[in-house]
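Peer 1: Here are the chains, one letter per residue:
There are 2 protein chains.
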Amino acid sequence: MLDRVRVVLVNTSHPGNIGGAARAMKNMGLTQLVLVDPERYPDPNAVARASGADDVLEQAHVVATLEEAIADCVLVMGTSARDRRIPWPVVDPREAAEKVMDQLGDDDSAQIALVFGREDSGLTSDELQRCQFHVHIPSNPEFSSLNLAAAVQVVAYELRMLSLQRQGQPTKMHKLETTNRQNEIPATAQELERYYEHLQQVLVEIGFLDPEKPRQLMPRLRRLYGRVRINQVEMNILRGILTETQKAIGVQATGERRR
Amino acid sequence: MLDRVRVVLVNTSHPGNIGGAARAMKNMGLTQLVLVDPERYPDPNAVARASGADDVLEQAHVVATLEEAIADCVLVMGTSARDRRIPWPVVDPREAAEKVMDQLGDDDSAQIALVFGREDSGLTSDELQRCQFHVHIPSNPEFSSLNLAAAVQVVAYELRMLSLQRQGQPTKMHKLETTNRQNEIPATAQELERYYEHLQQVLVEIGFLDPEKPRQLMPRLRRLYGRVRINQVEMNILRGILTETQKAIGVQATGERRR
Numbered sequence: 001m002l003d004r005v006r007v008v009l010v011n012t013s014h015p016g017n018i019g020g021a022a023r024a025m026k027n028m029g030l031t032q033l034v035l036v037d038p039e040r041y042p043d044p045n046a047v048a049r050a051s052g053a054d055d056v057l058e059q060a061h062v063v064a065t066l067e068e069a070i071a072d073c074v075l076v077m078g079t080s081a082r083d084r085r086i087p088w089p090v091v092d093p094r095e096a097a098e099k100v101m102d103q104l105g106d107d108d109s110a111q112i113a114l115v116f117g118r119e120d121s122g123l124t125s126d127e128l129q130r131c132q133f134h135v136h137i138p139s140n141p142e143f144s145s146l147n148l149a150a151a152v153q154v155v156a157y158e159l160r161m162l163s164l165q166r167q168g169q170p171t172k173m174h175k176l177e178t179t180n181r182q183n184e185i186p187a188t189a190q191e192l193e194r195y196y197e198h199l200q201q202v203l204v205e206i207g208f209l210d211p212e213k214p215r216q217l218m219p220r221l222r223r224l225y226g227r228v229r230i231n232q233v234e235m236n237i238l239r240g241i242l243t244e245t246q247k248a249i250g251v252q253a254t255g256e257r258r259r
Numbered sequence: 001m002l003d004r005v006r007v008v009l010v011n012t013s014h015p016g017n018i019g020g021a022a023r024a025m026k027n028m029g030l031t032q033l034v035l036v037d038p039e040r041y042p043d044p045n046a047v048a049r050a051s052g053a054d055d056v057l058e059q060a061h062v063v064a065t066l067e068e069a070i071a072d073c074v075l076v077m078g079t080s081a082r083d084r085r086i087p088w089p090v091v092d093p094r095e096a097a098e099k100v101m102d103q104l105g106d107d108d109s110a111q112i113a114l115v116f117g118r119e120d121s122g123l124t125s126d127e128l129q130r131c132q133f134h135v136h137i138p139s140n141p142e143f144s145s146l147n148l149a150a151a152v153q154v155v156a157y158e159l160r161m162l163s164l165q166r167q168g169q170p171t172k173m174h175k176l177e178t179t180n181r182q183n184e185i186p187a188t189a190q191e192l193e194r195y196y197e198h199l200q201q202v203l204v205e206i207g208f209l210d211p212e213k214p215r216q217l218m219p220r221l222r223r224l225y226g227r228v229r230i231n232q233v234e235m236n237i238l239r240g241i242l243t244e245t246q247k248a249i250g251v252q253a254t255g256e257r258r259r
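Those protein sequences? They're chains A and B, same order as listed. Residue 50 in the working numbering sits at position 50 of the first sequence; the count goes up by one each step and never skips. Residue 15 in the working numbering sits at position 15 of the second sequence; the count goes up by one each step and never skips.
Quick caveat, the hints were computed from the structure, so don't treat them as lab data. As the structure is a prediction and not an experimental result, all values here were calculated from the model. Here a beta-carbon is modelled for each residue, glycine too, at the ideal position from N, C-alpha and C. It is possible that part of the hints are untrue.
Said to hold, decoys possible - The calculated lysine-lysine pairs, modelled on DSSO-like cross-linking and capped at a C-alpha distance of 30 Å, are:
#1 A:K172 to A:K99
#2 A:K172 to B:K99
#3 B:K99 to A:K99
#4 A:K172 to B:K172
#5 B:K172 to A:K99
As the list claims (entries may be wrong) - Example chain B residues on the side facing chain A (calculated, C-beta under 10 Å, incomplete):
#6 D92
#7 Q103
#8 A151
#9 G207
#10 F208
Put together the whole structure using the sequences plus the hints.
Peer 2: What follows is the structure in structure tokens.
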């Protein structure tokens, strides 16, 4: 669906920012880039900063006016850093993503534009009035102007987050899936109990725990290990450490203890 | 609270990215930057890309090792683009922000580090193992590596969003507050009805609406205007247009109609 969302950059001064925007777009799964009257384009700096998002740059449309860039769009959102006299519906990037995804879902052919202004002066009042919504990134009021590619990154990130969520896809890698299944299986209560028994035994053997004056040592250790949800692999490691400790201090580990 | 969150950049190759990261930080209200063994720093490219976040650069600490950079931190989060063999708790940037804000809230003196790796190869396995959590930005699996400053921007943005929300502050500008109150006051049902009467009259006068065959014209117009929640100022404009239309076609507006 995100292929129906275009990023429109108006009168960009620095070609490096065009490249940075293209990279941010591709990182977030956006592909449609429209450049309205860029100052310098094509330019090797755009390619350098795109860092491999060359396909987004190559497919970019260069047009003369914002009007052309958004002509077929049913939803146009313009980013705005400054407070303006004309009141207008303002959304933050998260709300903007909701409006975009809602529109894409409601209308199978909807084309949508996210419009970003000039590095130094943003969008003009006339340009902002062509947008149904103004997107404001909640920046530090004393230092509010984001780099152009950074602004594209934030809005595209919110779109991707919501798009993944609505598709029921995870927003993060599932590292566990790629690894040994034993890393995923938590230790059972019984295994934990056997570990605590073994641990207590070793603490006595090394002279750290006095059975006559146990204080709160074992409860504290239980609390610690209980918090971390030990898995099978970790359990084996911890038991192994205890056994090796016993060997090192010359205690014969019994079958009972190592059960 | 965000002054207790430091951004740690490890072995950064391009000083421009250090500047870009500093700008993104200041935009989002972060100030503490720590550079672990940067390749070229200080450097004029860092200052250029910081675009006014010079104070963040000037206060940046340069240290030799990651260990030094995070020594006093109770929570260390490292960004990771790649899937790794060692399973580790992975969070997306939104969850990372929650963990950071929770920790800041629970512990008044907590220092927290957000660690970002090298442009080409990220953080090493050893470095990632010094982090309690790995932050993964949900990027396009086929083009997953964000620009360093863009990654800082995304994580800092999530922190600022959550920080504003928890403080009960708006995440967007309130443009309406700065403008004429009349723009905020919606038109009443009665005012709308008078407008529809006036509109219908004018549509008849200009010959667009045939009272004998009204079709669905007025219901359609009511639906349209009903959707947009017209305010007082807009109402006055719309009524003014009707009156001027009547003048232009030579109809004397009556007191009744303009009530």
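Peer 1: It remains to establish, for every hint, whether it holds in the given structure.
Peer 2: Going through the hints against the structure:
no., hint, result
1, A:K172 to A:K99, "23 Å, holds"
2, A:K172 to B:K99, "15 Å, holds"
3, B:K99 to A:K99, "28 Å, holds"
4, A:K172 to B:K172, "27 Å, holds"
5, B:K172 to A:K99, "15 Å, holds"
6, D92, "4 Å, holds"
7, Q103, "15 Å, violated"
8, A151, "9 Å, holds"
9, G207, "31 Å, violated"
10, F208, "26 Å, violated"
Going through the hint list in order, the structure does not satisfy hints 7, 9, 10.
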